[in-house]
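Trainee: Residue numbers (our numbering), protein chains in the order written: chain F, 1 to 217; chain P, 1 to 315.
Hints listed in this document are in silico derivations from the structure and should not be mistaken for laboratory results.
Do not rely on the hints blindly, as some may be mistaken.
Calculated from the model, a selection of chain F residues having no Cβ within reach of chain P, i.e. all distances over 10 Å [said to hold, decoys possible]:
| hint | residue |
| --- | --- |
| 1 | Ala12 |
| 2 | Phe20 |
| 3 | Asp54 |
| 4 | Lys83 |
| 5 | Ile96 |
| 6 | Met176 |
Below, simulated DMTMM-like cross-link-like pairs (lysine to aspartate or glutamate); rule was C-alpha separation at most 25 Å, straight line [claimed, not checked]:
| hint | chain 1 | residue 1 | chain 2 | residue 2 |
| --- | --- | --- | --- | --- |
| 7 | P | Lys286 | P | Asp202 |
| 8 | P | Lys286 | F | Asp185 |
| 9 | P | Lys286 | P | Asp99 |
| 10 | P | Lys286 | F | Asp89 |
| 11 | F | Lys83 | F | Asp185 |
| 12 | P | Lys51 | P | Glu294 |
Beta carbons are placed, not taken as given, at the ideal position from N, Cα and C, and that holds for glycine.
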Amino acid sequence: MPLFAQAINMLAALFLLVAFAMLSQRRLANLINLYALQGLILGLSIGVVAYGTDQPKLYFSAGLNLILKVIAVPWLLRRLVRKLQVQWDRETILYIPTIMLLGLGLVIFAFNASLPLSELAGTINHNTLGIALASVLLSSLMMILRATAISQVIGFLALENGLIFAATSVTYGMPMVIELGIALDVIVGVFILGVFFFHIREQFDSLELNYLDRHED
Amino acid sequence: MNAREIPLQLTQFVLVVGAAPLLAGWIGQCRAWFANRSGAGLLQPYRVLRKLFHKSPVMAHEASLLFRIAPYILFGGMALAGAIVPMFSTGLPFAPVADAIALVGIFAFTRIFAALAAMDVGTAFGSMGARREMLVGFLAEPALLIVLFTPALISHSTSLTVIVMSLTAARLVLYPSMAFAAVAFTMVLLAENGRIPVDNPDTHLELTMIHGALDLEYSGRYLALIEWASAIKLLTYIAIGIALFVPWGIARSGHWAHFPLALAIFVVKVIAAGAGLALLETLLAKMRLFRIPEFLGTAFMLAVLGLLVHFLLGA
Numbered sequence: 001m002p003l004f005a006q007a008i009n010m011l012a013a014l015f016l017l018v019a020f021a022m023l024s025q026r027r028l029a030n031l032i033n034l035y036a037l038q039g040l041i042l043g044l045s046i047g048v049v050a051y052g053t054d055q056p057k058l059y060f061s062a063g064l065n066l067i068l069k070v071i072a073v074p075w076l077l078r079r080l081v082r083k084l085q086v087q088w089d090r091e092t093i094l095y096i097p098t099i100m101l102l103g104l105g106l107v108i109f110a111f112n113a114s115l116p117l118s119e120l121a122g123t124i125n126h127n128t129l130g131i132a133l134a135s136v137l138l139s140s141l142m143m144i145l146r147a148t149a150i151s152q153v154i155g156f157l158a159l160e161n162g163l164i165f166a167a168t169s170v171t172y173g174m175p176m177v178i179e180l181g182i183a184l185d186v187i188v189g190v191f192i193l194g195v196f197f198f199h200i201r202e203q204f205d206s207l208e209l210n211y212l213d214r215h216e217d
Numbered sequence: 001m002n003a004r005e006i007p008l009q010l011t012q013f014v015l016v017v018g019a020a021p022l023l024a025g026w027i028g029q030c031r032a033w034f035a036n037r038s039g040a041g042l043l044q045p046y047r048v049l050r051k052l053f054h055k056s057p058v059m060a061h062e063a064s065l066l067f068r069i070a071p072y073i074l075f076g077g078m079a080l081a082g083a084i085v086p087m088f089s090t091g092l093p094f095a096p097v098a099d100a101i102a103l104v105g106i107f108a109f110t111r112i113f114a115a116l117a118a119m120d121v122g123t124a125f126g127s128m129g130a131r132r133e134m135l136v137g138f139l140a141e142p143a144l145l146i147v148l149f150t151p152a153l154i155s156h157s158t159s160l161t162v163i164v165m166s167l168t169a170a171r172l173v174l175y176p177s178m179a180f181a182a183v184a185f186t187m188v189l190l191a192e193n194g195r196i197p198v199d200n201p202d203t204h205l206e207l208t209m210i211h212g213a214l215d216l217e218y219s220g221r222y223l224a225l226i227e228w229a230s231a232i233k234l235l236t237y238i239a240i241g242i243a244l245f246v247p248w249g250i251a252r253s254g255h256w257a258h259f260p261l262a263l264a265i266f267v268v269k270v271i272a273a274g275a276g277l278a279l280l281e282t283l284l285a286k287m288r289l290f291r292i293p294e295f296l297g298t299a300f301m302l303a304v305l306g307l308l309v310h311f312l313l314g315a
């Protein structure tokens, strides 16, 4: 196996590791750092794929991902968290060993489900589809399990990371127009959700979303 | 068995048993430096051992034979484990005695004797320590076994020498699964050797002790043997970690000329690992006892994840 293919596998494994770390992280500030780290790994792995398959278009995609997910979105999130003064908030639910076992089950499911699919893709990194699928499922699990709005949004952003990763591993990324569109969506989404957070907190004095269920007038 | 390699085996045995307290001293020294203290020096563990060996042991009236022989079993088990882990040469005639799984068995065996001896006298702290030790042990063992399965799958053998030989035979190969295994192994190492964040080896508060509570009733030469055994255990664990995750530079069986260089490389690795361990211990805070299942559950999860990644990526 050439060295860059090994590097892709290594980065994919780290991607999965960070997805698990996000699942079990209680503190919001650390969660944002982990999101930035995941973006960094994603950008690097796209860059390595670009180098390995000699596709200049992918360098652009890697650069876009790095700027957006390592610098812009984490900066926005940090600013938001600081303004809401929740950076040292802890999630209260979470019994971690159970969540880990749930996550492991999802990983096994994703690996099994992706094996026949990834055989069809002719890319050098088609093995990593299972990891991409697993991290999409783990991010969904995180959105289900978290109580506060901001961590759910971070779960959503991580899910988008997983999708880009899957696209890279199956077809060497999406067409440039779609990728730019997604990038714009992410930025706009974070802005709009940021406004929502303030409204939610003004109404309910908390960012925990189960208060929304009880509100019925 | 190759008779010409028996001197090599004896060298390793003597070095491991003799130099284990030095590693403990080095870690203590590093921790002192990180905490801006001057430290007691590298030779402090030897001074402690000499002092303890010169004192006459005090025994409880109720102590049975088990209490008396447990320190010898502990020391013997750890010395055996230290002798069969490939450290600076893969030509170890005694290594076929135990593969990786039997090695975990030796650790479990000594742990059971330590726990039984702690409960033998019937003091409250001893039984409490024994129960805690078994809690940590039963959580750490499955994680350790699965950590060992990943390299065993890669090299198609559970024998540590074969694993090391097959890992060093190929030119540089990145194994993503081994990265997971390495993180999990570090967590197990911290738990099994009673280091921060699982247990504080320097504490004098009996209620927070895990490992320390086991030998509260011991004194004199028995305590010296137990302390020496735990130093050997730490060195053995670090050597297992080095053999699995950074085995490069080890002398292959029959290559006598490489031996001094391999020894030097191994010493450098251990010094680095000791400093890293001290740094880790300085940065982390001790966890509550009830967080330990979470910590070791994470180690187990990482180890299983390593196995799964190995099956998915084939590396």
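Trainee: Each hint needs a verdict: does it hold in this structure or not?
Mentor: Against the structure, the hints come out as follows:
Its closest Cβ contact with chain P, about 7 Å, brings alanine 12(F) to no more than 10 Å, contrary to its assignment away from the interface. Consistency note on phenylalanine 20(F): stated as away from chain P, yet its beta-carbon is not over 10 Å from all of that chain's, at 7 Å minimum. No Cβ of chain P approaches the Cβ of aspartate 54(F) within 10 Å, the least distance being about 21 Å, so the stated non-interface status holds. A cut-off of 10 Å between C-beta atoms confirms that lysine 83(F) is not in contact with chain P; the least separation is 30 Å.
Some Cβ of chain P comes within 10 Å of the Cβ of isoleucine 96(F); the nearest lies about 5 Å off, and the non-interface call is violated. For methionine 176(F), the condition that its CB be more than 10 Å from all CB atoms of chain P holds, with the nearest at approximately 29 Å. Between lysine 286(P) and aspartate 202(P), the direct Cα distance comes to roughly 12 Å. Compliance with the 25 Å bound is thereby established for this hinted pair. The hinted pair formed by lysine 286(P) and aspartate 185(F) fails the criterion: a straight-line CA distance of about 43 Å is larger than 25 Å.
With a C-alpha separation of about 33 Å, the suggested pair lysine 286(P) and aspartate 99(P) falls outside the 25 Å cut-off, and the hint is violated. A distance of roughly 21 Å separates the Cα atoms of lysine 286(P) and aspartate 89(F); the hinted pair therefore holds under the 25 Å criterion. For the hint pairing lysine 83(F) with aspartate 185(F), the CA-to-CA distance comes to about 23 Å; that is within 25 Å, so the pair holds. Taking the CA atoms of lysine 51(P) and glutamate 294(P), the gap is near 39 Å; set against the 25 Å cutoff, the hint is violated.
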